[in-house]
Amino acid sequence: MSEMIKVNIDGIDVEVESGSTVLSACEKAGVKVPVLCHHPDLNVAGVCRICLVEIEGVGALQASCAYPVTQPMKIKTKTDRVRKARRVNLDLILAEHYGDCYTCSRNGNCELRKLADEYGVDKFRFPHVQAPRYKKDTKSFSIIRDQDKCIHCKRCIRTCIDMQKVNVYETANKGHAVEIQVALNKSIADVVCINCGQCVNRCPTGALWTQDVSDQVWEDIENPDLFVIMQTAPSPRAAIGEEFGYAPGTRVTKRLNAAMRRAGFDRVLDTNFAADLTIMEEGTELLERLHKAIVLKDKKVKIPMFTSCSPGWVKFIEHYYPDYLDHLSSCKSPQQMYGAIIKTYYAEKIGVDPSKIRTVALMPCSAKKYECNRPEMCDSGYRDVDYGLTTREMAMMLKEAGLHLADMPLEEFDPVLGEGSGAGMIFGATGGVMEAAIRTVYELVTGRPVPFERLNIMPVRGMEAIKDATLKLENVKEEYKWLEGVELKVAVAHGTANAKILMEQLIEGKLDYHFIEIMACPGGCLGGGGQPIPTTPEIRLARAKAIYQEDEDIVIRKSHENPLIIKLYNEFLGKPGSHKAHDLLHTHYTKRGRYFVKD
Amino acid sequence: MSTIKEKKVVLGSYTAGSGLKAAFAMKPQEVIQLLIDSGLRGRGGAGFPTGLKWRFAANQKEPVKTVICNADEGEPGTFKDRVLLTEHIEKVLEGMIIAGYATGAAEGFIYLRGEYAFMLPVLESEIEKFNSKKLPFSFKISVRMGAGAYVCGEEFALIESMNGNRGEPRNKPPFPVQKGYLEKPTLVNNVETFATVSHILVNGADWFAQLGTDKSKGTKLFSISGDVQRPGVYEFELGVRLSDILEFVGAENTKSVQVGGFSGVNVAKDQFDRPIAFGELPPGGSIIVFNKDRNMLKVLKNILEFFEEESCGQCTPCREGSYQLLKGLEMIEKGEKSVRYYKELVTLCEVMKDSAKCGLGQSVPNPFLSIIENFKDEILYR
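Protein sequences, first through last, are from chains A and B.
Residue numbers for the first sequence follow the numbering used here, beginning at 1 and rising by one.
Residue numbers for the second sequence follow the numbering used here, beginning at 600 and rising by one.
Incorrect hints may have been included.
[Claimed, not checked] Straight line, CA to CA, 20 angstroms or less: simulated PhoX-like cross-link-like pairs of lysine-lysine:
| no. | chain 1 | residue 1 | chain 2 | residue 2 |
| --- | --- | --- | --- | --- |
| 1 | A | 567 | A | 349 |
| 2 | B | 891 | A | 84 |
| 3 | A | 302 | A | 500 |
| 4 | B | 660 | B | 814 |
| 5 | B | 936 | A | 74 |
| 6 | B | 936 | A | 123 |
| 7 | A | 154 | B | 783 |
| 8 | A | 472 | A | 489 |
| 9 | A | 580 | A | 591 |
| 10 | A | 580 | A | 567 |
| 11 | B | 942 | A | 123 |
| 12 | A | 165 | A | 136 |
| 13 | A | 76 | B | 771 |
| 14 | A | 489 | A | 292 |
| 15 | B | 771 | B | 891 |
| 16 | A | 136 | A | 186 |
| 17 | B | 942 | B | 975 |
| 18 | A | 558 | A | 477 |
| 19 | A | 32 | A | 78 |
| 20 | B | 814 | A | 123 |
[To be verified] A partial selection of chain A residues facing chain B, derived with a Cβ cut-off under 10 angstroms:
| no. | residue |
| --- | --- |
| 21 | 63 |
| 22 | 65 |
| 23 | 95 |
| 24 | 127 |
| 25 | 177 |
| 26 | 456 |
Because the hints were derived from the structure by calculation, they are not lab data.
None of the values given here were measured: they were computed from a predicted structure.
No residue lacks a Cβ here, since even glycine has one placed at the ideal position from N, Cα and C.
Just need the whole structure built from these sequences, with the hints factored in.
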């Protein structure tokens, strides 16, 4: 631990570690300093000049987010000088920010507007922009960009370049002509954007948003000829409460079920079921790959196998490591598996013509919008999933319909393909897919449950950047004798920057794992680009807690013990990895360009 | 007749290799002490004591260090480094090598202004001569080209540009001597500073310290342009009066003088007898003279257009502030805003000075306030 240093802030004494920022010292002292370009997930920029403070002995005002505490200091945060500078800088930003607040996607949740409200902006001190200067970029299935609202805080750049290592955004020009541009001034749809939406989650204004499909969903609900089926992933359930004033991590699944039914969805299903299905298919695929590699000595089979549930990660590897696509599991994501099953097996079960079914997926994710529109995702004979709806858009739909979660009764999912196991539930957190897979694979191979207390495989949980675990397979069942004594090595990474670290190690031949879970977003799906804003490290932890609690409450916590899964295989698919399963539940990938999209 | 004389110190005669010889006869810390004793302050404009900066760099524990010669001479009205680089290059290179010796750096770079690309062939062949010399320590120099951005004269923007990033100033601290080029300790000095160092090594600290004033030792190069009969690069002792310089270069009917470049201050007649020194009229070295025929509104607009374009654009007060100053001035000119709006612009200036991220944004108010203050009738109450 480094040296502790005394800091006095507005008369309050605190001690902070040497090297921490003045801003964090202020937080520790309970003194609120407004921020705009600062975000707890991102590198320091110090460009908006809103978090200014007076530091005794230092000439000019300093950005508290960027100034390190290295010696005892006296700080003032609300002098005339500070307040004037803050207000004028806010005025300057507002003068360049064009857009009507009441039609903005961030109406009510805009950081700029909140600052203007709280920090004394009383007029347009300077002449301000009166007409749009840019054309909105709406071409992408996932991300929309309205540059007129951009305030040059560079959060999107720092998100995309530093945090995710995707490199879509850049600063162009200089002086007053500075613009935050998509690489080479192209549309987001035409570059290496992986649609993770992390930039959307960090944009302080409405300059970045997701392609909202709620109006189409409403139309389909209204259409008497159509049968609209909702499937909901675990992460939105752990977060949508935030949009209705609940504390992060409040579980509202059953209230949400009721609200969605009242909104007009004909069926409300649980994507966890498909997560269990994914585990069956992916676990089987892993064992097949291991068999080929260990027993058949097949050089063509690729180990480690990577998970493929995260469409952001899939597009990342397609763009950046196109020669390594064979490492990706061929399994579709739970969303897409469910879509294919709903429009085949389930349609028959409920006696509805699949051409009349519309499937909507409530996801924490902006990349899911792109994923369901990928041309190959039509294995049911129809578009497997018609719409990807983010947590935020769902909340908006419910609000529009006057359906507030607090007023809702508690309702279950619809039966038949309704509920998943707990193993599916934890897909929402980083390490969740791995944990679910291990629970099933270990038991398939040894006939015994995983040797962890209450099945909780703690080494793969938590927010560490890259986690790994080793599990020795001993006393295996007869058919898996070839795995006797094998140490199953797994790793988990979240955020594509961490994925990149693993990929570079793979290329250098330094990876000796069998199975690796990768989620494009920090924290896994619960930190997805479609989740409520803000998303911070604390909020991600709270959502993860909710997800793991829900897992513990569920009786069946292993995918392969889910009776509905067993039924589905018995009645329809045959067995995991069967021909039919491959037709409906597996997919292939596309080599894409390093700079541009190639479809 | 003029009462002052040109001093030929930095531009004076110099025996190639003499600075190096003197330096290598001393221990590195003795070289630094010599510079501290000489009172030399950075010649780029900010005036940080050179010896102290070197000591900070020398004291860094990180073994890999870099010396950078800031030759991104971009301040409008400044062209002294051009003379040093083309006519006195050996002093500059020797100064860099001495800095490497004193601070423990093994590599030196000249960050050359994009517009000075024409110098490259000669410069590189001169550098090659030094690189092939046998030195008592390992030190190699090479050139890195700028690409025309004014802000890259700011030391961190320069370093970022060399790092392969967009040339933008960084938050300080940490300072370049702590974390600079490739995140290693980096000493950045102006071309003239290095040239001066070579002379100080040869002639000693006392010789230098007796030139100039108490707080501003030594001589300084001045780039003089505008409405004068004999524009050019001159060397005077610090503390020289502006009026004496004007007389020396044949300025007549002078209305005002921009001292210290666009980022410096405008000086009107009643202030001409002030000395140029640290704490007085800024000794950045650029002197632009305007005679009675010049329209100061046009002058100011030209200056603001420059800043509005050359701000790196990252921080709010500089990017938007420079633009609003220009726009505000134009609106007052056209009568779209009343003269009272000037008050808002003064407030804006205070905030820019107080909250911009780097020296560029903090300096834009200097010409704005001083020109308007000097020529209120001409600009506001027309």
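Going through the hints against the structure:
no., hint, in the structure
1, A/567 with A/349, "holds, 12 angstroms"
2, B/891 with A/84, "violated, 38 angstroms"
3, A/302 with A/500, "holds, 18 angstroms"
4, B/660 with B/814, "violated, 31 angstroms"
5, B/936 with A/74, "violated, 41 angstroms"
6, B/936 with A/123, "holds, 16 angstroms"
7, A/154 with B/783, "violated, 25 angstroms"
8, A/472 with A/489, "holds, 9 angstroms"
9, A/580 with A/591, "violated, 26 angstroms"
10, A/580 with A/567, "holds, 15 angstroms"
11, B/942 with A/123, "holds, 15 angstroms"
12, A/165 with A/136, "violated, 25 angstroms"
13, A/76 with B/771, "holds, 19 angstroms"
14, A/489 with A/292, "holds, 17 angstroms"
15, B/771 with B/891, "violated, 42 angstroms"
16, A/136 with A/186, "holds, 12 angstroms"
17, B/942 with B/975, "holds, 13 angstroms"
18, A/558 with A/477, "holds, 18 angstroms"
19, A/32 with A/78, "holds, 10 angstroms"
20, B/814 with A/123, "violated, 46 angstroms"
21, 63, "holds, 7 angstroms"
22, 65, "holds, 9 angstroms"
23, 95, "holds, 7 angstroms"
24, 127, "holds, 6 angstroms"
25, 177, "holds, 7 angstroms"
26, 456, "violated, 41 angstroms"
Violation of the numbered hints given earlier is confined to hints 2, 4, 5, 7, 9, 12, 15, 20 and 26; the remaining hints are satisfied by the structure.
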